[in-house]
Structure formats: C-alpha cells, structure tokens
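J.: The residues making up each chain are set out below.
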Amino acid sequence: MLKNKPSKDMIQKLKVSIPMLALALACGCAAKGDYTGLEYAPQMYHSVPYEPLTQIKDEEAGKWLSNREDEKGEFYNSNPNNPYAQNVRKPVEGTVRRNPNDMLPYRLEKDDITAAAAIENPFPASEEIIAEGRRLYTQFCQHCHGASGKGDGKAGVAYAGVPSYTAPAQRNLSQGHIFHVITHGIRRMGAHGSQISEDKRWKIARYVQTLQQQ
Amino acid sequence: MVARKTIVRYATACLLVCCFVFSGQQSFAQRDAVPTDEAIIAEGEKLFNEYQCNSCHNVVGKKVGPALAGVYDRRDLDWIYSWVKNSQAMIAAGDPQATALWNEYKPSAMTPYDLENDQILAIMAYVRNVEENPPADKNTVTGGGEEGPAGGSGVPESYLNIIVAALIVVLVLILIVLAIIIGVLKKYLQDKENISEEDKEIVNEKFSLVAFVKSPTVIGIVTFLVIALAAKNVIDGLYTIGVQQGYAPKQPIAFSHKLHAGEYEIACQYCHTGVEIGKSANIPSVNICMNCHSSIKTDSPEIQKLYAAQESGEPIEWVRIHNLPDLAYFNHSQHVKVGGVECQTCHGEIQEMEVVKQHAPLTMGWCIDCHRNTSLNTQGNGYYDRLVELHNQNSATPMNVADIGGLECAKCHY
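So the protein sequences, as listed, match chains G and E. For the first sequence, this note's numbering assigns the number 1 to the initial residue and increments by one for each residue that follows. For the second sequence, this note's numbering assigns the number 215 to the initial residue and increments by one for each residue that follows.
For the record, the hints were derived by calculation from the structure and aren't laboratory data. Here a beta-carbon is modelled for each residue, glycine too, at the ideal position from N, C-alpha and C. Some clues are possibly wrong.
Claimed, not checked - So the derived list for chain G, only partly shown, Cβ under 8 Å to chain E, looks like this:
#1 Gly37
#2 Tyr50
#3 Gln195
Could you build all of it, start to finish, from the sequences and the hints given here?
T.: Right under this line is the structure:
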C-alpha cells in the first residue's frame, strides 16, 4: 500500500504532464519570426550543392545529424574559395552573356552620348514591340517617370526633378539617346543597364518614343 | 601733350564713374527690371508649368536646384539668360558663379532650354509675383484638406467610447436593480407564514460553487473540452512540421516592402530582376538600391548601411525567407512569364508588409491544388492548338495545368 502510493502519484502527474508536453511540443513546431519551425527530414530539405541564394557560413549548423565526409554540419552551405565565401560569383570580367537576339554587347561609355544618339533602334516601331515596351516600361520606369511620362510617378515626385518626355528639351531626343540614358544613366538618374537587358532597353525606347509624341 | 594727358584722365574718370554707376544699378535695379505686368506674369506662369521648372525648383526653398526667389537680386539678367539656355557651357567656360553652383548641386545639372530672353524674363516675372505676393489661399486650402477626411469619417472615436461607457453603466444599474429585487422578494417570502416546506427550501437554498464545480456534468464537460482542444492543437501542430508558413526573419536592413512596393508603387520586377528570366527572382544588388538612394534619405542609419556595403564591396547578407525543400524544383520564369501568375498569388499582399513573411505554406498539396484549378491561357500560342482540340473532345472542363503534366512526379522531383 505504502509502496504503491508514490507510483499512483506518478501516474497522476503523468496524466497531467503528457498532454501539457504534447501541447508545448505542438506549439513549438510552427515557424514564427526568426524561427523556421521544426523540420521533418532535414537532410532532404537542405541543399548539398552550392545554393546561390542560401548562404550558411556556420560550420556547426546541423552538426547533430551530419554524416558529411568533410565533418561539417549538415546545413553548412558556403564556398570558401569565393570572396566572402559567397555561393554566387560575379561573371568573369570581359565575358559576354548570350542573348536570344544575337545582339552585340553595347560598348559605348557614359560620356559617348553624342555618338550613342546616332544609333538606330534595331526593333521596328511595330504594335507588338511597343506593347512589349509598354509592359517593360511599367516594370522599370513608371514609378518615377509616370504612366504617361510626365515625371509624375509616385517615386518620381518624392525624388523630384524628373523631367517630362514632352518637355521641349526632351521631346526630340533620339532612340539611341534614350537607350544610352537607360544603360548608363544621366545626371541624377542611375544606370539601369545591369537590370534591363539590351533588347528590353531598345523596346522600352520604342514605347518612350510614343510618349514623347503624345 | 598736356591736352592729351587731360583727355586720358577725363576718360579714365568717366569710365570709373560709369562702372560705379552701372554696378550700382546692377545691384539695385535688377529686381525692378523684372516686369510686374499681369499679362507677362500669366505668360510666365504658363511657361513655368509647360517647362516644368517646378520639378527641380521651388520659388521659396531648395529642391533639386536652388530656390528661385530673389535670383534677380543675386545674378545679372544676362547671366540668367545664358544659364537657362546652356548652363553646362558656362561651367565649362569657367564662369565663377556657374562653377560655384555646379560644385554645390552636382551631379544635378540644369537641362539646356530653348527659350527666348523675353520668355525667361516672363518666368522671372512670375517668380517675382509669387515671391512678393505669396498665394494666401494656399495655407487655407491645405488646412481644409487635412480637416476634410477627419471630419468625414463617420462618428469620431471619442463619441464611441462615451457610448460604450454609458451602456456599461446602464448594464451595471440593471444588475443592481435585479439584485435588489431578488433581495426584496426573498425577504418577502421568508416573512410569509403560509408557505410549504419545499418552497422554503428553494427560497433558502444557497449557491455552492464547490458543489457546482465538483458535479459530474461540469467535470465531464471540462474534461471533454480540454481533451478536444489539446487534440486539435496537437494535430494542427503536427501539420506545421516542415512547413515554414509565417516565417518572418529579421533582415540586416529594415527594408519595408509596404513603403517601396505599396506607397511608391515600384514594380516587383524593378528589383527582383530574375523573376521573368530564370529560376530565382533574385535579391537586388546594392547598385539597384543606389539608383534612388544615392540622393534619397541619405542620412538614415539604415541607408548608411548601403553606403558602407558599396564602399567595402562586402555583400549585404539578406536572410532567405522562402526555403523550398531541396527535394522540389521550382522555377519563377515558368510561372510568372509563361503562366502569367501574379506575384501576390503565392507571396501574399507584399505591398502591405512592413516585414516580409512567408505567406503560402509551400506544401505539395498547395502546389497541386493550384495546378488542378488553374486553366491554361493558350490564346495565340499555336503549340497548344491541337492539344486543346484533343482535350475538348474528351473533357467538358477547360484544359488546366494538371492536364498537361502538372501532376507528374518528375515535373518537380528529380
């Protein structure tokens, strides 16, 4: 009788603590804030090859389940041979990205704007090209230059000093000039060559032309 | 010989006097040289708006360029004419005032304008008019504008609070009244003589909380509720294992999508340049931030982090939010460019998120659900013509992603 008493107490305690434990566990699984949440089969979730946009430099991360040959943690994903151990690298200097339109790389420097202004747009002012240019314009230009090119986009008003395409000084700028300005920027406008590929810049220039003429 | 010397002396004196007089005129009479004629002012206002001077200049206060008020006191009119026509040429020629301006405001250069002298003078006239007769109605207009929406938004909050408080007071009063009534009735019944024993018991019955709690019905209900809730919680919790929905890590820079994509309406593709051409949407590099932040909010400590990164070349280590398991393949261009799916379909109302969190569960069931329910837009794509024809022979529903292999295992797992 006396011997049994503590075990009864234990059972009573277990009765209470098991659902509590389960509750605590269950609540602790969900992702929130900085916590990614509990993972099922983490070895299948984490990439073994270098993942360009995932950078885990901590060699201890996931060590508890690691069976890697280099004895690092299972989640470690960094390339120590790159600057800052990054998984991404800049393209090699002087290399050219191939593009579907077989365009040659644009070599004019920022100051060569007079020479650039004489270059013709390789795309015709067809309806399709202008429609595509319009689509790209809404993605890359509209927030500053405005839907109708008056310089009245939401960001443009905050930035101040965005000229209208129809202003006398801008109205007659050539296609080559527009292309060059998108590529290298001008005055307070930044260079957008890294964001927008060459063919897309020419298509945008075609649409801007329609805005100049409105 | 003497005569010659005198002439030279006279001439020099005259020249000196002239210089003095003219310089005096320049520093005093410049403002008066600007016309105040109403027709000219109207013409100037028209030009000011047409040439969008206000995108860079305020009449009072610095903007991208200097304030225009009093420019006719600071500078020679001829200087203003040639500056407006071609400022860069003046800087190149080494004009001291022009160089000083350039040094203060570069890299913002003033665009050359194809204006006549009298047109520039008309703009000056407009500026002078605004400076000397500041529009009085401007303040009242903005004041009215601020009051407008506040007044028009229905019942003010303070009234609501008062109404709620009044209701609570009324309820408390009713409770007090009820308690009093019960008390009075009890007393009346207790005092009454001709009442049966049974009824007396009911009158004198005391409510016992302990007995109520210990009654089997209450224990049964409470136990059932606890077990049911616990079970629901456990099952819900088990479903979140391996699902990172709601993950919202702190980023190295407190970037707000609500401000950039919401308030300023910058398209997603402006920064996430890979979204139409590759697997990843990509995180923008510092040079894209600098397209605006080279001159916007330059004093903010968060923006200073950008400058530090640009200077040192050290990458900003943003924390990846959407960690699709390595066992599944996903391609952005395939969905956004080919499928025409909106960013918000999977990422939620990003333009309203101060801190971005994972909106969708990114589970297989979630992917499959969309593949089953999304019909294809095959319009104008000859590749699908025959396929659609064959599909329509056997099915009454429009062709969707699942019909062209959207449920094949090897589409995503290989």
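J.: Decide, hint by hint, whether the structure agrees.
T.: Okay, the hints, checked on the actual structure:
1. For glycine 37 of chain G, the interface hint holds, the least distance from its beta-carbon to any beta-carbon of chain E being 5 Å, beneath 8 Å.
2. With a least beta-carbon distance of about 12 Å to chain E, the hint placing tyrosine 50 of chain G at the interface is violated under the 8 Å criterion.
3. The interface hint given for glutamine 195 of chain G is met, as the beta carbon of that residue sits about 5 Å from the closest beta carbon of chain E, less than 8 Å.
Comparing the model with each earlier hint shows a violation of hint 2 alone; every other hint is respected.
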